[in-house]
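Here is how the chains run, residue by residue.
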Amino acid sequence: MSERVEIRFEGLAATRQSGARVSWWLSWRPSVPLLLAAPLLLFMLAFYILPVLSMLMRSVNDPVWTLSHFASLTGDTVFLKVFANTLTTSLIVTVGALLLGYPVALSLVRAPRYAPVILALILLPFWTSVLVRSYAWMVLMGRHGLINEALLAGGMIEQPLRILNTPLATQVAMIHILLPYMVLPIANALRQIDPSLARAASGLGATPWATFRQITLPLSMPGVAAGVLLVFVLALGFYITPAMVGGTREITLSMLIAQQVDQLNWAYAATLSVVLLATALAIIAAFYRLPGVGSAFRTGI
Amino acid sequence: MIEARRGASVSLNDLERRYDRVAAVAGVSLDILSGEFLTLLGPSGSGKSTTLMMIAGFETPTAGDIAIDGNSVVGVPPYRRNIGMVFQNYALFPHLTAADNIGFPLKQRGVRKAEREKLVREALQLVQLPGHGERYPRQLSGGQQQRVALARAIVFKPRLLLMDEPLGALDKQLRENLQLEMRRLHADLGITFIYVTHDQEEALTMSDRIAVMNAGLVAQVGRPEDLYDRPGSRFVASFLGESNFLPAIVRGIEDDVVVAECEGAIIRALCPGRPAAGEKVMLTTRPERIRFADGAFTSTAPQNRLNVTVTEAVFAGERCRYMLQAADGTAMVLKEPSSAAIRRRAVGERTEIAWSVADTILV
Numbered sequence: 058m059s060e061r062v063e064i065r066f067e068g069l070a071a072t073r074q075s076g077a078r079v080s081w082w083l084s085w086r087p088s089v090p091l092l093l094a095a096p097l098l099l100f101m102l103a104f105y106i107l108p109v110l111s112m113l114m115r116s117v118n119d120p121v122w123t124l125s126h127f128a129s130l131t132g133d134t135v136f137l138k139v140f141a142n143t144l145t146t147s148l149i150v151t152v153g154a155l156l157l158g159y160p161v162a163l164s165l166v167r168a169p170r171y172a173p174v175i176l177a178l179i180l181l182p183f184w185t186s187v188l189v190r191s192y193a194w195m196v197l198m199g200r201h202g203l204i205n206e207a208l209l210a211g212g213m214i215e216q217p218l219r220i221l222n223t224p225l226a227t228q229v230a231m232i233h234i235l236l237p238y239m240v241l242p243i244a245n246a247l248r249q250i251d252p253s254l255a256r257a258a259s260g261l262g263a264t265p266w267a268t269f270r271q272i273t274l275p276l277s278m279p280g281v282a283a284g285v286l287l288v289f290v291l292a293l294g295f296y297i298t299p300a301m302v303g304g305t306r307e308i309t310l311s312m313l314i315a316q317q318v319d320q321l322n323w324a325y326a327a328t329l330s331v332v333l334l335a336t337a338l339a340i341i342a343a344f345y346r347l348p349g350v351g352s353a354f355r356t357g358i
Numbered sequence: 021m022i023e024a025r026r027g028a029s030v031s032l033n034d035l036e037r038r039y040d041r042v043a044a045v046a047g048v049s050l051d052i053l054s055g056e057f058l059t060l061l062g063p064s065g066s067g068k069s070t071t072l073m074m075i076a077g078f079e080t081p082t083a084g085d086i087a088i089d090g091n092s093v094v095g096v097p098p099y100r101r102n103i104g105m106v107f108q109n110y111a112l113f114p115h116l117t118a119a120d121n122i123g124f125p126l127k128q129r130g131v132r133k134a135e136r137e138k139l140v141r142e143a144l145q146l147v148q149l150p151g152h153g154e155r156y157p158r159q160l161s162g163g164q165q166q167r168v169a170l171a172r173a174i175v176f177k178p179r180l181l182l183m184d185e186p187l188g189a190l191d192k193q194l195r196e197n198l199q200l201e202m203r204r205l206h207a208d209l210g211i212t213f214i215y216v217t218h219d220q221e222e223a224l225t226m227s228d229r230i231a232v233m234n235a236g237l238v239a240q241v242g243r244p245e246d247l248y249d250r251p252g253s254r255f256v257a258s259f260l261g262e263s264n265f266l267p268a269i270v271r272g273i274e275d276d277v278v279v280a281e282c283e284g285a286i287i288r289a290l291c292p293g294r295p296a297a298g299e300k301v302m303l304t305t306r307p308e309r310i311r312f313a314d315g316a317f318t319s320t321a322p323q324n325r326l327n328v329t330v331t332e333a334v335f336a337g338e339r340c341r342y343m344l345q346a347a348d349g350t351a352m353v354l355k356e357p358s359s360a361a362i363r364r365r366a367v368g369e370r371t372e373i374a375w376s377v378a379d380t381i382l383v
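Protein chains in written order, with our numbering: chain A, 58 to 358; chain B, 21 to 383.
Hints listed in this document are in silico derivations from the structure and should not be mistaken for laboratory results. Backbone N, C-alpha and C fix where the C-beta goes; we use that ideal spot for every residue, glycine too. There are no misleading hints in this set.
Chain A is faced by these chain B residues, among others (derived, beta-carbon under 7 Å):
no., residue
1, Ala76
2, Pro98
3, Tyr99
4, Met105
5, Phe107
6, Ala111
7, His115
8, Pro125
9, Arg129
Here are a few chain B residues that face chain A, going by a calculated C-beta distance under 10 Å:
no., residue
10, Pro97
11, Asn102
12, Ile103
13, Tyr110
14, Phe113
15, Gln128
A short list of chain A residues far from chain B (calculated; beta carbon distances all over 12 Å):
no., residue
16, Ser88
17, Ile106
18, Met112
19, Val152
20, Arg170
21, Pro173
22, Leu176
23, Pro182
24, Leu203
25, Glu206
26, Leu209
27, Met213
28, Pro217
29, Val290
30, Ala342
Whole structure, please, built from the sequences with the hints as guidance.
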């Protein structure tokens, strides 16, 4: 084995010395993958990066070069309220998805017999359009929706409850839609924990709960961090679901942006978009600094 | 220092573990004495690890009983058994330092922090790793990880320590050092060790007694020298060390020595039972106990002799290894300590070999 490697190595060195043909090829090799990706890169440049940049530029050069749009945001009570509401909603959705998702991830890993069923239950809605799922929530939560009808028929309430178009409706629907982004990274982290560690802990006198607290939970933290990051950042920019099931009073940043675009208020919309993007990037940057998270992403969750 | 304590006694009674139809352990009965170093030795799939896992409580027996100090522990969860365990891959907690790993069992037992730190320091001293407490497992070498795992398994002063091929992943030199260290530790602690390995040399070096396992059953239990000198079955003779097997026919019995005919020669062998004349039997002897019987060979002990032809001669440094063939084709191996003063045999040479009756066993 080592002999063969050596021969190949010598052969390479020999051709390198003897002719320019091979060295040309070798020096170009690193850029070959880049060439393969070039069509897509050009496509993205033309149809994504340039339009987005030109949109974002409007926050500083509409109608002339200025930072006044950003300056005015600090005193803009509508913006501050919407921004606070967006962060709160994302936080609630993230915490909700974590509390509901962690046990599911654990069952996915601990009960391999039922894993395919659990995975299918998680992924089936994942493959369904967000629009369809949001409509489904409207059907469920509407004034004459399934929940109200059932409660009325059961005599639990006398007047239909207002469920749709409340913050709660937004949060429930968003947790439902974002749950897979929480479950899958956590399940992946749990699966990478050596099962003999739990055995060892048990043999050393740790009760099942102590084993979970001191071994399983800390070792799954990179997955938890990844799931929290994904869900929070996705929730920040969520539009369809809050727009369809949420209220008109507690709107989110993405809804405000859409409103401003509708009113052809491009500069304001662009300024809000920059704020949204910067918030997301800042959160991602902060998470990458957490121990174990960056590497968890690099190894591919 | 951790003071010596009385070890636990363990008794296995018709212990059985079945997976569907297959029996991994098919009825093991074994009494392990207090303070003993007992090794479960066997090839992979012989049920030795499953037996150990049942003692630890990670596997539930499908039949039979395990008693520690006379009390049945079947149904007691592992975390209430108070048994130390060293795993094959060490199973160190990667997010905890060596000191926190070793302190883990103490923490579960509610030992105060100050007391815990003192005991951890002592345990690190005991496994010769003082000052390594703040390192994480990934910062330690394989041998050091093994020592931390060992310290973690004994720091809470269990009376029984189980080890599942703990040296399997280490290189030969380190393994031999740690074997001696484990023997020393066993003597110092005075607790019962149950050790699982497939390495017969390791078993012979360390154990007070060895239980050789095969196909889910204990084939033979005994002190290392007894098992080596008096294997009770063909499996034990071939698994523990190297053996020659000679098919023979019983011709008679003199006192406790069987007289058998083999290759036209008369061979005498030790035998626990009393086989009938005419019965076909298998005789066994160790390659290093056979000598070339020509030239300057002299002996006072009663000898068996056989004419053979050398078919292969291999010089292996400290000894020479010869493949021999008897008249009817039975192959034999002879190992001779090498010396410049001893003539080396050539392939094709016809000669006579001899070995003691005491080294010939009927299996």
